[in-house]
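Listed here are the chains, written in short residue letters.
Number of protein chains: 4
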Amino acid sequence: MTREFRIGMIGYGFMGRAHSNAWRQASQFFDLPVRPVLKAACARNAAAIQAFASNWGYESIETDWRKMLQRSDIDAVDICVPNNLHHEISIAAAKAGKAVLCEKPLAMNVAEGEEMCAAVEKAGVPNMVWYNYRRVPAVTLAHNLIGQGKLGRIFHFRANFLQDWTIAAEVPQGGNALWRLDVDAAGSGVTGDLLAHCIDTAIWLNGSIRDVTAMTETFVKERMHSGTGKVQPVGIDDACAFLCHFENGSLGIFESTRYARGHKALYTFEINGEHASIRWDLHDLHRLEYFDHADEGALRGWRSIHVTDHGGEHPYMNHWWVPGLQIGYEHSFIHQVADFLTSLDGGTFEGPNFRDALETQRVCDAVLKSAKEKVWTVV
Amino acid sequence: MTREFRIGMIGYGFMGRAHSNAWRQASQFFDLPVRPVLKAACARNAAAIQAFASNWGYESIETDWRKMLQRSDIDAVDICVPNNLHHEISIAAAKAGKAVLCEKPLAMNVAEGEEMCAAVEKAGVPNMVWYNYRRVPAVTLAHNLIGQGKLGRIFHFRANFLQDWTIAAEVPQGGNALWRLDVDAAGSGVTGDLLAHCIDTAIWLNGSIRDVTAMTETFVKERMHSGTGKVQPVGIDDACAFLCHFENGSLGIFESTRYARGHKALYTFEINGEHASIRWDLHDLHRLEYFDHADEGALRGWRSIHVTDHGGEHPYMNHWWVPGLQIGYEHSFIHQVADFLTSLDGGTFEGPNFRDALETQRVCDAVLKSAKEKVWTVV
Amino acid sequence: MTREFRIGMIGYGFMGRAHSNAWRQASQFFDLPVRPVLKAACARNAAAIQAFASNWGYESIETDWRKMLQRSDIDAVDICVPNNLHHEISIAAAKAGKAVLCEKPLAMNVAEGEEMCAAVEKAGVPNMVWYNYRRVPAVTLAHNLIGQGKLGRIFHFRANFLQDWTIAAEVPQGGNALWRLDVDAAGSGVTGDLLAHCIDTAIWLNGSIRDVTAMTETFVKERMHSGTGKVQPVGIDDACAFLCHFENGSLGIFESTRYARGHKALYTFEINGEHASIRWDLHDLHRLEYFDHADEGALRGWRSIHVTDHGGEHPYMNHWWVPGLQIGYEHSFIHQVADFLTSLDGGTFEGPNFRDALETQRVCDAVLKSAKEKVWTVV
Amino acid sequence: MTREFRIGMIGYGFMGRAHSNAWRQASQFFDLPVRPVLKAACARNAAAIQAFASNWGYESIETDWRKMLQRSDIDAVDICVPNNLHHEISIAAAKAGKAVLCEKPLAMNVAEGEEMCAAVEKAGVPNMVWYNYRRVPAVTLAHNLIGQGKLGRIFHFRANFLQDWTIAAEVPQGGNALWRLDVDAAGSGVTGDLLAHCIDTAIWLNGSIRDVTAMTETFVKERMHSGTGKVQPVGIDDACAFLCHFENGSLGIFESTRYARGHKALYTFEINGEHASIRWDLHDLHRLEYFDHADEGALRGWRSIHVTDHGGEHPYMNHWWVPGLQIGYEHSFIHQVADFLTSLDGGTFEGPNFRDALETQRVCDAVLKSAKEKVWTVV
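Line by line, the protein sequences give chains A, B, C and D.
Take the first sequence: its letter number 37 is residue 45 in my numbering, and every next letter is one higher.
Take the second sequence: its letter number 87 is residue 95 in my numbering, and every next letter is one higher.
Take the third sequence: its letter number 97 is residue 105 in my numbering, and every next letter is one higher.
Take the fourth sequence: its letter number 29 is residue 37 in my numbering, and every next letter is one higher.
Note that these hints are calculated values from the structure, not bench results.
From a predicted model like this one, the values you see are computed outputs, not experimental measurements.
Among the hints, a few may not be true.
For chains that are exact copies, the list does not tell them apart, and a pair is met inside one copy or across any two.
[What the hints assert, rightly or not] Taking lysine to aspartate or glutamate pairs in the DMTMM-like style, the calculated list, with each CA pair at most 20 Å apart, reads:
#: 1; residue 1: Lys-229; residue 2: Asp-317
#: 2; residue 1: Lys-272; residue 2: Asp-317
#: 3; residue 1: Lys-238; residue 2: Asp-192
#: 4; residue 1: Lys-377; residue 2: Glu-225
#: 5; residue 1: Lys-229; residue 2: Glu-255
#: 6; residue 1: Lys-382; residue 2: Asp-219
#: 7; residue 1: Lys-103; residue 2: Glu-123
#: 8; residue 1: Lys-75; residue 2: Asp-219
#: 9; residue 1: Lys-229; residue 2: Asp-39
#: 10; residue 1: Lys-158; residue 2: Glu-304
#: 11; residue 1: Lys-380; residue 2: Asp-219
#: 12; residue 1: Lys-229; residue 2: Glu-282
#: 13; residue 1: Lys-272; residue 2: Glu-304
#: 14; residue 1: Lys-103; residue 2: Asp-72
#: 15; residue 1: Lys-272; residue 2: Glu-282
#: 16; residue 1: Lys-130; residue 2: Glu-282
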């Protein structure tokens, strides 16, 4: 009989749904050493969390996360609440000996992140951060190709994360759905919400970032606050762009905004190497574009690879359907769950764990500092 | 307490997986009047079906479908076995008073299909056929646009379903995974397997087909049979193309093959109307291309619509994630389950039911007859 | 001093412009054994042809093509008048010992075409037909790849030529610009105007066509005639589609229409071989799409080749600019002129000459006959 | 009789060809108040310039540009020599009362550029700089759309110019074809060669740039010099990226490199406004991508506009062929010639003239200064 891995979920928003689905789906598609069990869901609003728990099949609810941490029938805490709560809950969970699975970004800042790393490492508990895009099969394939040396020396890395949902000045800040616009809950705007994804992927694919020069902008200066009902100054960055040097000598260029009309969640990256180049974007996440200079001269061109093959050739895809049939966004979480659970059986979790996510946090902090002080800033 | 809808699954192959997943997922994402329960899974191979049942959470197994039909704790039979078994099982299930959910194509031929329709209609049982592509959100959107009259008079409909997996002469016919290449199990080749999908969508979007002229080809004439171990003549069509007239006066052109190098499952259709045109393909199923002649002259162009919006604008998508985050192939089955179950509460199931699928069968039979006799054939 | 090749142009419409430009441009970009000289332009309307001649630099004008054929200072006649005049002028030009360069389609029908072939071959004069698309660099590259055996055995050839400019019932037939809608001047509709291009390319790439089954449609049954001012029945085919077998055993599927909303001049073809596939379309004529099954499994994908390289790798492109800078439609004519003139120096003209164009004419006639009689028709 | 406009060309390289073609072609496609005449071509190498003159139809040659400036039968000097010669020749030409048509970038630096502007303005001679990309029809269309207010407030402008032709360390610097890699001849690397194009377009579309933060890199530190035959340090920037603020409050992000494997000449820009967004790239220069938020919600998508329509809707295109038939790179020069010559008849030349190009030069200098000093720099 497979051992159970009992999840205590904190939060019930967008990420609460995405994670719950992942815990529910992983066992049917992957052969896992442990079986995830949706043990308890926790939020202050009892009615809301009960409805959430019923929908997803959680066996019980809690309205105080501290109480849930005391339960002996919980193996892991999945933290799906706003960023300003990650620090306290993570450290308490580590102390309680729970595995800690924290939504990204890790923390409000590096100082918090360092304490969180120290806590999980001292407690020796399994930990991970939900930078899910590493496990889109096309992105994993990109990682594998770089690991195989197909690109050779890297010259350029560029990434964007473009959205357009906050252009209207009428969009409020704060409250349940819109805490991402409230600097007190989110810590920053697009930098922590969107660029953090780009940075996590960039470091995973291309190594550490050395220094940055950045600019940020807040296009709409005041918005109504859902909590207070008053029009208040907007504290977050609506847009952020930065240039950087990677440790390997390549140049980086990153941009994120919520004011790019026409883009819903266009996360893209491109990496140019001596021998080959790679491109990917989230709007067609099942495709990888690849250019190989070793191809016969007259026939060189960017290949559009439909990353849906079986047989181990395309990462994770032998667990799904048949070639040509795409999977979607939610599957990246399922893959992360599968890899994490597999590692519990004495294997290695490839990350990102708290320590990895702290490095991303360092870059975010350097970016925000550079933008504020208008100077090149070492990470 | 929500009423249960107890599924008896017959078969455990590719479609058995896709359907099981749909039954498991629908309740979490849709508010349904009944709750699907995976009651029993059935196949002759006890070990295989037990493993399947354990993986997906079926409560019990059967090794004889006749026995499963006798169980009073089964509300519906889901038929996921080769085409040559659809007829017998469907009729028996209808007689047993079960809802009948049959994989496509409906039958081996029109004669079988007519008997199956008569059986379910006489029994008055809910019935449907798994032409799942109608419920890809972009395809449903196409249907809605046509229903709103956005295209005006239709002139052209063209559809392809291109694959490349049987080019190697070493691929055997028959056996578990490859019964689709065995004419005795499948009835036909690409016509019933792939073109049937195109035809179902075409009729749904553009109305009935009046007459056809067709050609078929079998490129590899003999293949080893997995069952007998002998090299035997290949009885299926490797490729099929046909021209047709629709009842509305528009022209149709259809093609399918398993010999189109470079295409895994490239199901595409395009429909040209007086005012607007629409294109879709399965390799990027979350997109719909749309051209509107009413756009300002200098700015006319094909729009690539990322069909991932909330708010009811994009069919089904308010049940999933946030704009820009795509879903995949499996979701079309979940949507079909959701629509079917919703209709059980006194609503209307938009189809396809057995009667709808019989019309597709008629076109398939006419196509095969036309190809054989080399004459225009009335459907 | 380079020998002159003195052109007598008949006609001054769209093709008159495109050809005149080609004669003017070829010498600057290609090293040619003869130098084209725009000697005379001819049309019945003296004012119109004088304006045309002045614009393009023709040294003289004629208002009677018979008179131009008598001039000893004319080496070649370029026939850019409606299809119903090709036969008479070509035969007279051949008899006068002129090289004959005839717009496509060759003739109104096969009977005319045979007489025209006989005339130029008896006279031994250089002759060609302006099926210009063979010499789009991407199409020539496709031809070269097939010649190198990169595709292996061919299974499928499909081609479309889709336009939308005659949907409005108000478009008249006949007259200067619209003789293509007048069956007396054009002989047929899309079959001779558009499908003839597809057929010429298809035969060049994939060999002869054996038999066809076709359908045609005239969506707008009556149009005002520009000449008579009266509403008259429309005699041309607005749309035509056909299935066919090639001599090499591959299957063909062709379609053309002027009622495909959203497409201006979307000529596309795709060819699927055992080892590789090729796609091209006229709306992005500087690109060739190529899929090679020999690529490493995980990295297979359609390559989008930007056919703009120097160094002989991409046909014709070493005569133009630098890699990445595209050429356009008009250049296909310049290339045809360059190849034709080069062949005058004792080389071989790769075609299409009158004999080649007659084969295309045979297919067009078979298609129209099949559509009319509703039977498979041998070419 | 149309007045002649007599060109004296200096240089015979890539740009000498592109400009000569433009002068030869403009009259046939545009109704111009003056007729360009290729009067003289000039270069130090007599044999080379004679061959060039013969090919393009120049009536005479010169081997000393000073001598050509003295000729009374020359109305305009077209400067197609390396950047380090622009200053001296332009000023001399202005003093000689010639119209001055200078290749981009205007000068080696702002100081030179100011003197050049002063010279042409003092002399009152017509002047222009060959930033040709403004007159790609799709780019002009973008400009028109912005002018009509379709985008509303602008938030973001991003542009790239990516190439890959200098990755190999074996590529030498200096000499005829490769002076662009020699800092003494070129002044800078990608900044003046490629980013200058992006900046010119950006200012034209989005207004002035206020300040910048930049980084540059030279990946290959030493290359053989074609002139000296020795391996020498490379003085140019191989890659350059910068962030900026526009005067209108929008954010800019620019990048250029010759080390982006897979890109030949991928100049792209995107501009995001409150109401609409626009994208364009040079590899498919006949297309404009356009997103309009005013479109009906469910049908919003990026439109791919094939900018080839007649009737004045698509800039310049009524002078060419028929809808759907693309033009190419060279046509942007023809359009610039046509606009410039038209302005000689008392009209206004929309630019860029020397004064406009000086503004671009200021940005380039600020970018290079910022990269060198690692500080934000005001333009």
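Taking 20 Å as the upper bound on the Cα-Cα distance, should Lys-229 and Glu-255 be classified as within, between, both, or neither?
between (36 Å within a copy, 18 Å between copies)
When no copy is specified for Lys-272 and Glu-304, does a C-alpha distance of 20 Å or less occur within a copy, between copies, both, or neither?
between (37 Å within a copy, 16 Å between copies)
How would you classify Lys-272 and Asp-317 at a CA-CA limit of 20 Å: within, between, both, or neither?
between (27 Å within a copy, 9 Å between copies)
My question is about Lys-103 and Asp-72: at a cut-off of 20 Å on alpha-carbon distance, are they close within one copy, between copies, both, or neither?
within (17 Å within a copy, 54 Å between copies)
For Lys-75 vs Asp-219, is the C-alpha pair at or below 20 Å within one copy, between two copies, both, or neither?
Neither, since 43 Å and 54 Å both go past 20 Å.
If the cut is 20 Å between Cα atoms, do Lys-229 and Asp-317 qualify within a copy, between copies, both or neither?
Neither: 48 Å inside a copy, 27 Å across copies.
Up to 20 Å between alpha-carbons, please classify Lys-229 paired with Asp-39: within, between, both or neither.
neither (51 Å within a copy, 40 Å between copies)
Within a copy, between copies, both or neither: which one fits Lys-103 and Glu-123 at a CA-CA cutoff of 20 Å?
Within. Shortest intra-copy distance 12 Å satisfies the 20 Å Cα cut-off; inter-copy 67 Å does not.
Under a CA distance limit of 20 Å, which applies to Lys-272 and Glu-282: within one copy, between copies, both, or neither?
between (32 Å within a copy, 14 Å between copies)
Intra- versus inter-subunit Cα pairing at 20 Å for Lys-377 with Glu-225:
Close inside one copy (13 Å), not across copies (24 Å); limit 20 Å.
Up to 20 Å between alpha-carbons, please classify Lys-130 paired with Glu-282: within, between, both or neither.
Neither way: Lys-130 and Glu-282 sit 42 Å apart in one copy and 50 Å across, limit 20 Å.
How would you label the pair Lys-380, Asp-219 (within, between, both, or neither) given a Cα cut-off of 20 Å?
Result: close both inside a copy and across copies, 15 Å intra and 15 Å inter.
Violation of the numbered hints given earlier is confined to hints 1, 8, 9, 16; the remaining hints are satisfied by the structure.
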